[in-house]
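A.B. asks: Each chain is listed here by its residues.
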Amino acid sequence: MDLSDTDLALVSVLAQGLPMVSHPYRAVGAQLGLDEAQVMARIQAMRDSGVIRRFGIIVRHHELGFKANAMSVWSIPDEEVGKVGRLLGDAPEVTLCYRRPPRLPLWPYNLFCMIHGRDRAEVEETIGALNRRFVLGAYPHAVLFSTRRFKQTGARYGRPIHQAAAAE
Amino acid sequence: MDEIDRAIINTLQGGFPICDQPFAAMAEPLGLTAAQLLARIIKLKADGIISRFGPMWHAERMGGELTLAAMKVPQERFDEVAGIVNSHPEVSQNYAREHALNMWFVVATEKPGRKAEVLAGIEAGTGIPVHDMPKIQEFFVGLRFEA
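Respectively, the protein sequence lines represent chains A and B. For the first sequence, position 81 (counting from the first letter as 1) is numbered 86 according to the working numbering, and the numbering increases by one without interruption. For the second sequence, position 129 (counting from the first letter as 1) is numbered 572 according to the working numbering, and the numbering increases by one without interruption.
One chain only, chain A, in its complex shape:
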């Protein structure tokens, strides 16, 4: 989907969070010179096209009690990585699953899953169970727990309103 300058200005306003008022889309529109219906139509279009993956609250998993998170990675032969990725991606314990390129020599792994749990033991148990269920024991594998969180802001997209207005 090609985003117009109006869309980019809308993206920028939404990045600050939905206003906590009874008519939030009207309040967003007021910042952009759009009416409520126009704002709803643009958001709906971005949602339909998949530019917006999801629209709602985004939680801090650590504060919610999911204090352990691990990146669980495997080195799977190219001809099998699609199949294994689909199996892991369908597993309810997996929160994200991607194929990425290995970076030798330090990094031989090409399949990445995120596993979140309340503590380290729970996450280790979950990963052990995935390895058994999908018979992944023969592949090189590593588990990288996070030890510190330096930044979690969400991506910043969009364009400041004055720039969008100047472009139009």
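Each statement offered as a hint is correct.
Capping the alpha-carbon separation at 27 Å, the derived lysine-lysine pairs in BS3-like fashion look like this:
1) B/K578 x A/K88
2) B/K578 x A/K156
3) B/K515 x B/K578
4) B/K578 x A/K72
5) B/K554 x B/K578
6) A/K156 x B/K515
7) A/K72 x A/K156
8) B/K554 x A/K156
Derived by calculation from the structure, the hints in this document are not laboratory data.
Model the placement of chain B on the given structure of chain A, informed by the hints.
C.D. replies: Positioned in the frame of chain A, the structure of chain B alone reads:
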């Protein structure tokens, strides 16, 4: 957090209505008024449970780039390097992880080509090679948490 807060978190991670009074629409099935729901969301934000209320973007469909990158940072330089990495507004997340590659961060840009500039800037600013690991295939993006 009580049961109603948990229900709010579990429901509102799934989606939010696009209608003129969406909070009122969400409040009713939760047994709340719109004002009560708003007050609870504001409290959950203030408590740091909710980080954002809005869209989760698909960077590539916006025409941008998203990648995961990793660096091998000497322990004694960790805070300094984290400061340089985090100073780039395109870096949305940064975690220390247990591996020789011990710093992992996400770079999200809205313009094609910008990612390479950001990664090059981090390499130049730190003198440490950055390993770029863009996604090749996406099997699942569900990042949702049951409260």
